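Asks: Sequence:
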Amino acid sequence: MYTEVNLCNTNNFLIVLKFLRAQLPQSIFPWQLLTYVYQNVLTRDDIYIQVFVDNLTDIKCVIILYSAFGLVPYWALIENYIRNCTIVCDKEYTKDILVEMLSKCIPWKQRVMFCAVEQNYITPVIEEFVAEKKIGSYKIWRYIQFELDKNVFLEKSKILPKTVPEGIEIRPLQPEDALFMIEAGGYTPDDLYSVTQIQFCIKNLCSMGAYRHGKLLCWRLLQYDGSLDMVYTVPEARRLGLSSLLSVRLAAEIFKIQERVFGHTALNNRNSLGLAAKMGFHETGICDWIVFEPKYTCAKGDPHHLDVLKSSI
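Numbering (the numbering used here), first residue to last: 56 to 368.
By construction, these hints were calculated from the structure, which means they are not laboratory data.
Treat the hints loosely; a few may be bogus.
[Unchecked claim] Computed cross-link-like contacts, EDC-like style, restricted to lysine to aspartate or glutamate with a CA-CA straight-line distance of at most 20 Å:
hint: 1; residue 1: Lys-115; residue 2: Glu-59
hint: 2; residue 1: Lys-150; residue 2: Glu-183
hint: 3; residue 1: Lys-164; residue 2: Glu-187
hint: 4; residue 1: Lys-73; residue 2: Glu-291
hint: 5; residue 1: Lys-270; residue 2: Glu-221
hint: 6; residue 1: Lys-194; residue 2: Glu-221
hint: 7; residue 1: Lys-258; residue 2: Glu-308
hint: 8; residue 1: Lys-211; residue 2: Glu-348
hint: 9; residue 1: Lys-159; residue 2: Glu-348
Keep in mind the model is a prediction, meaning the values are calculated, not measured.
Construct all of the structure, not just a fragment, from the sequences and the given hints.
Replies: As structure tokens, then:
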């Protein structure tokens, strides 16, 4: 059994948030994302979010489906774009509950990106499900999830470098910076970022940029899912300590608007890991991003492929 949660019902919304909070820190990604929706930082139609639970009166598993901000223009078109999914299960859940929800709630006929799923007990179930049903293929990227304790950060910030290099101005990013950020970072339409998404984060959340004579050299911002993300320095401005300066200032601003500061970095990204350690971040787990590619795609107006896929599940 499963239920799609009516997010217009405040009581039901709070029940799900309470469950996610009880699973912290492992659940910090979906908890913060859903908190933004509850607080109207994001609207339901910004990311076309759907929330499913096995039993609203005794939740063991939550599946959240959503689209990247600015990606999908209308609800009717969500099947034409990659769908993001994040999953949280109670530590005492049974595998059968998750398997049933995977079968009933995930849109396997389209590309799906599973975001920040726990590597030890959720990733293996997804792998087994896809292999058993023979519905497609997948790739896995493994990340370290880390979080910053506010008191530790306040102590660390007293000794972290604060001197801004001569000729550099540090200030919040501007919406007009978004296109340059996409181009300089080499992002493509298949990536997690878009101009619309970055502009939303700049206008509504926290961001920091380092400029010289008005030219943007380095940036970091708070993503629409609540994570500290998207740090980049143009080649000619590297080794000036700009990323560290921006990260410290940005973390201080984030703590003003939300309870927790967190992020993810690839296991082999030594620069990010070193910076996180200097700031006082601590590891809270290993999680996976899994990109699923369906074996059968459902062309518009062609129900046959969809029927084949449904029969395989």
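Asks: Now tell me, hint by hint, if it's right for this structure.
Replies: Hint check:
Of the pairs offered as hints, the one joining Lys-115 and Glu-59 holds, with about 14 Å between alpha carbons and a cut-off of 20 Å not exceeded. With a CA separation close to 11 Å, the supplied pair Lys-150 and Glu-183 stays within the 20 Å bound. About 16 Å separates the Cα atoms of Lys-164 and Glu-187, which keeps this hinted pair within 20 Å; it holds. For the hint linking Lys-73 to Glu-291, the alpha-carbon distance of about 47 Å lies beyond 20 Å, and the restraint is violated.
A C-alpha spacing of about 14 Å is found between Lys-270 and Glu-221, which places the hinted pair at or below 20 Å, so the restraint holds. For the hint pairing Lys-194 with Glu-221, the CA-to-CA distance comes to about 44 Å; that exceeds 20 Å, so the pair is violated. The suggested pairing of Lys-258 with Glu-308 holds, with an alpha-carbon distance near 14 Å, which does not exceed 20 Å. The straight-line distance between the Cα atoms of Lys-211 and Glu-348 is roughly 43 Å, outside the 20 Å bound, and the hint therefore fails.
The hinted pair formed by Lys-159 and Glu-348 meets the criterion: a straight-line CA distance of about 18 Å does not exceed 20 Å.
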